[in-house]
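Those sequence lines, one after another, are chains A and B. With the first letter of the first sequence counted as 1, position 112 gets the number 111 in numbering that gives the first Met the number 0; the numbers rise by one all the way through. With the first letter of the second sequence counted as 1, position 119 gets the number 118 in numbering that gives the first Met the number 0; the numbers rise by one all the way through.
No wet-lab data here; the hints were simulated from the structure. Ideal Cβ placement from N, Cα and C applies to all residues, glycine included. It cannot be assumed that every hint is accurate.
In the EDC-like style, the derived pairs of lysine to aspartate or glutamate whose C-alpha atoms are separated by at most 20 Å in a straight line are [to be verified]: (1) Lys-31/A - Asp-153/B; (2) Lys-31/A - Asp-129/B; (3) Lys-31/A - Asp-123/A; (4) Lys-31/A - Asp-127/B; (5) Lys-31/A - Glu-44/A; (6) Lys-31/A - Asp-126/B; (7) Lys-31/A - Asp-250/B; (8) Lys-31/A - Glu-47/A; (9) Lys-112/A - Asp-1/B; (10) Lys-31/A - Glu-46/A.
Stretch-level coverage of chain A by chain B, calculated; a stretch enters the list once three of its residues show a Cβ under 8 Å from a Cβ in chain B [stated by the list, open to error]: (11) 28-38; (12) 58-64; (13) 89-102.
Here is how the chains run, residue by residue.
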Amino acid sequence: MPAVEGLFTVDDGEPRLIGGRVPGTESYFFPKHLGGADPRVGPVELEEVLLSRRGRVWSYTTSHYPPPPPFVVPSEPYEPITIAAVELEDEKMVVLGQCTAGVGPEDLSVGMKMELAVDTLYQDDDCDYLVWKWRPADTAAEN
Amino acid sequence: MDEIAVLGVGMHPWGKWGRNFTEYGVAAARDALADAGVDYADVGFVSGAVTVRCGYPGYVAGSTFARALGFTGAQLASSYSACASGATALQVARGQILSGACDVALVVGADTTPKGFLAPNAGDRPDDIDWLRFHLVGATNPVYFGLHARRRMDLYGATTDHFAMVKVKNSRHGAHNSNARFTKEYGLDDVRNSPVVSDPLRLLDICATSDGGAAMVVSSMEWARSHGHRNPVRVAGISTVSPTYPDPVIDLPYLAADSVADPSAPLVGFKESIGARAYDEAGLGPDDVDVAEVYDLSSAMELDWYEQLGFCGTGEAERLLRDGDTAIGGRLPVNPSGGLGAFGEAVPAQAIAQVCELTWQLRDAAGARQVDGARVGITVNQGLFGHGSSVIVRR
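Okay, chain B solo, but in the shape it has when bound (with noise of 0.2 Å):
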């Protein structure tokens, strides 16, 4: 697959502001523009990462930036795929770039999140399944984790106190991340002893829902060369696949897995093949990667995508954390940004950022959550209803 080149890179900070959630989007993407030395009028195409909890300009979030920015006749395009819309509105920019439609590229997510629970739209919908797994077994988003977390432990013999390390690790890289919600460093004993949310997990390992923004401006590397751009970093490859049936996993937001009484059927594993495409796409694998961002909805989670990205063997991924290869000065960082623990989601926003973390510590710009060296960086992430996500990045 042919690359692309990140000219620039911008974040609204992560909190709970309360504002419009346009005016953090506008923010990163001025940040990002200045970040490139772009002039808003090349920009041809605004890809934009849904919101659906702020309303119809939510849902035309490209057009929501675009005309906050000032409507400049760019092409647009809205993109939804739950917490994987970034890299799909990453996804369609390079498919614009690529194609020659356009040559530079504004991919822009950003959310205004309510407190508490993520829950379904109102009404009586038996229809929905989205709707059913909270009505009939009032299966909220960290139940789905508490059972990952929960077989984890009985299959390979994790503890609580391995995912209190992630929590542990994480809030130590956040601490030096100004575009962080929490920079707290936390030690064990405030994991262990913050509440029970969805027995194994406690509320100091499960990921908050925050208010932030997130924006790149991607180009053609020809574009990139003759505008002075002689070493970018790159997009190397961008996964955004779904599930291949049948799925025996439970997730998100399904009452069931796939039946696999069928012993014929293929056997794919779906977190697998997310980072499995990207590294395709960029003819690399996991022995290239420095430095790692993934979903850590859980502190556990994070545990699971050591393993599914091929970091370690299946059971291994407890041995990475305890021999301290996953923390910054290690063999392979994950997380230097903090990751979802440091910053709570903002669901469209997330997949950008991970990709803005990395394009900072590829230009060894990190300032003090720098991983020494790194050359390439993956990101990995998952949306609700099979939508992964995983973005490959090099220099």
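Chain A on its own, in the form it takes in the complex (with noise of 0.2 Å):
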């Protein structure tokens, strides 16, 4: 189940961030009620959008150190987790998402291609808690 609902989808069998955007416009957020507001418009309903799977590297870091709760360490010891920023292809917006298992700094590059996926976050006995996650692009599946 995801860690946290309302964030992101399977559904299409693609995994896409559920983002927000003011109707006929090219302002979108992230997530959709907790990312702002375009002060240009007046009082608006946003509409639900699935975002765009790709983007390039806007930036990265590995963080060495296990973050504080509400961060769960998935497994002891702690394994650093790399995270990157990714500029949204269409939405030209950076969204934060750790990279999914393996993927490191050394093989990440400022403007690099990068496409969403979903990735266990934690688990415990019942289930596993999911969330969105970044990897390097599958190129031969771009065309």
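The task is to assemble the complex, starting from two chains supplied on their own in separate frames and drawing on the hints.
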């Protein structure tokens, strides 16, 4: 199950972030209800949109110490997590996310193509808690 | 904008003392009052910078400090804007003075901080963006510092040694500061050999969290002159601006930056806008600045500020650093106090402490870390959730 409801979907077999948009404009927000507002428009109900699945690396870092709660360390001992900020292809909006397992800073550079995945954030006895993550784009599948 | 006078400044030394934050604030306030030669009874307004880590007394910091000094009926305010809280408290005090609501104000900030990463409030709060960034991404504060540092490397060719050079420079400055927590002079190898925290930043590139307190006594120019302060340091500009939508730069504590898909949207760099507002109020520009105190949450961030304050063009900060321009003795010394690298961050005190340092510099009273002939100084700082902070002082 998703670690937090309503932020991403895999309903159509493809991982997508769920964002908001001012109807008829190119003003996008993520998360839909926590992503701020465009002051140029009046009161408006944001429409729900699926954000582009691909983008380019804006920057990246690797966290060598376990973050404090509410982060849940998925397995002991803690393995450094790499985090990427990726500018979405269509929305031109930089979105943070962990990278999938095995992706380190040596694999990344600013401008590199990335794609969204959905992967385990942590597990307990009952289930896998899922989150969106970034991974280098499968360039072979691009065309 | 009309100016106000800085009559006195004071600090409680930074450290990891583990005592009640009120104690640090009161000590700093008493120092500032003594430095100003002002009778506490003349203070008409107490402006507290809030700490959110010390319970209810921290939320009502203005009242907490006023009661510890003795209630006099003075008007109170308590301001919170994360790392920018001290500048906001000063901004509120200036408003009181310039509106005529009071002649003399006392501005105080102090904190007692826990060990380790600053973390969000407890509980399961999925509608809180600060909680989400920790829970879903593990995005601690140093993660954002690391993102910005790495981008500097990939875009402008900065190296980890450039970042280390900032730490080395500031530790040399801080070695002469009795209010600093870390007074050891570090070498490049000390930084290079410290553990990586948030790649490419190492432990000695990232500021610690500290206990400490800072205070200022400020007044109207008229009150200063009529009470024997003939040539006080003056506050010429205060900026507490927020970002302008759309802000394309990802920053604390958000999961996403604003979308810039709409080409008609105005693009105003938030960090550039912080200093710009202060310059505008003061009627001054980067060329007028003799000394600066900038918020080096990471060593790499200090380099960003050189450019965002207009000291050099984009991508040129490393040259300024290499040429020694920003060391004491250089063209435009930055962080003569030692900066956060030497202090560690005591959140509500920090923006006030920056102004304390500049006040000593402009009075030619900074001893071994004196910047010769300093007449104009600027501070810059940023609190998460979009709080800009910059103060220009002149003499």
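Results for each hint:
Taking the CA atoms of Lys-31/A and Asp-153/B, the gap is about 31 Å. The hint is violated against a cut of 20 Å. Restraint check: the Cα-Cα separation between Lys-31/A and Asp-129/B comes to about 15 Å, which is no more than 20 Å; the hinted pair holds. Pair hint Lys-31/A plus Asp-123/A does not hold up; C-alpha atoms about 28 Å apart against a cutoff of 20 Å. Straight-line distance between C-alpha atoms of Lys-31/A and Asp-127/B comes to about 13 Å, which keeps the hinted pair within the 20 Å bound.
Straight-line distance between C-alpha atoms of Lys-31/A and Glu-44/A comes to about 11 Å, which keeps the hinted pair within the 20 Å bound. Pair hint Lys-31/A plus Asp-126/B holds up; C-alpha atoms about 11 Å apart against a cutoff of 20 Å. About 18 Å separates the Cα atoms of Lys-31/A and Asp-250/B, which keeps this hinted pair within 20 Å; it holds. Simply put, Lys-31/A and Glu-47/A have alpha-carbon atoms about 7 Å apart, close enough for the 20 Å limit, and the pair holds.
Straight-line distance between C-alpha atoms of Lys-112/A and Asp-1/B comes to about 51 Å, which puts the hinted pair past the 20 Å bound. Taken as a hint, the Lys-31/A and Glu-46/A pair is honoured in the structure, with Cα atoms around 9 Å apart against an allowance of 20 Å. Restraint check on the stretch 28-38 of chain A versus chain B: 10 residues with Cβ-Cβ distances below 8 Å, three needed, restraint holds. For the stretch 58-64 of chain A, the proposed coverage by chain B is satisfied: 7 residues have a C-beta within less than 8 Å of a C-beta in that chain, meeting the threshold of three.
Restraint check on the stretch 89-102 of chain A versus chain B: 9 residues with Cβ-Cβ distances below 8 Å, three needed, restraint holds.
Against the hints set out earlier in the document, violations occur for numbers 1, 3, 9.
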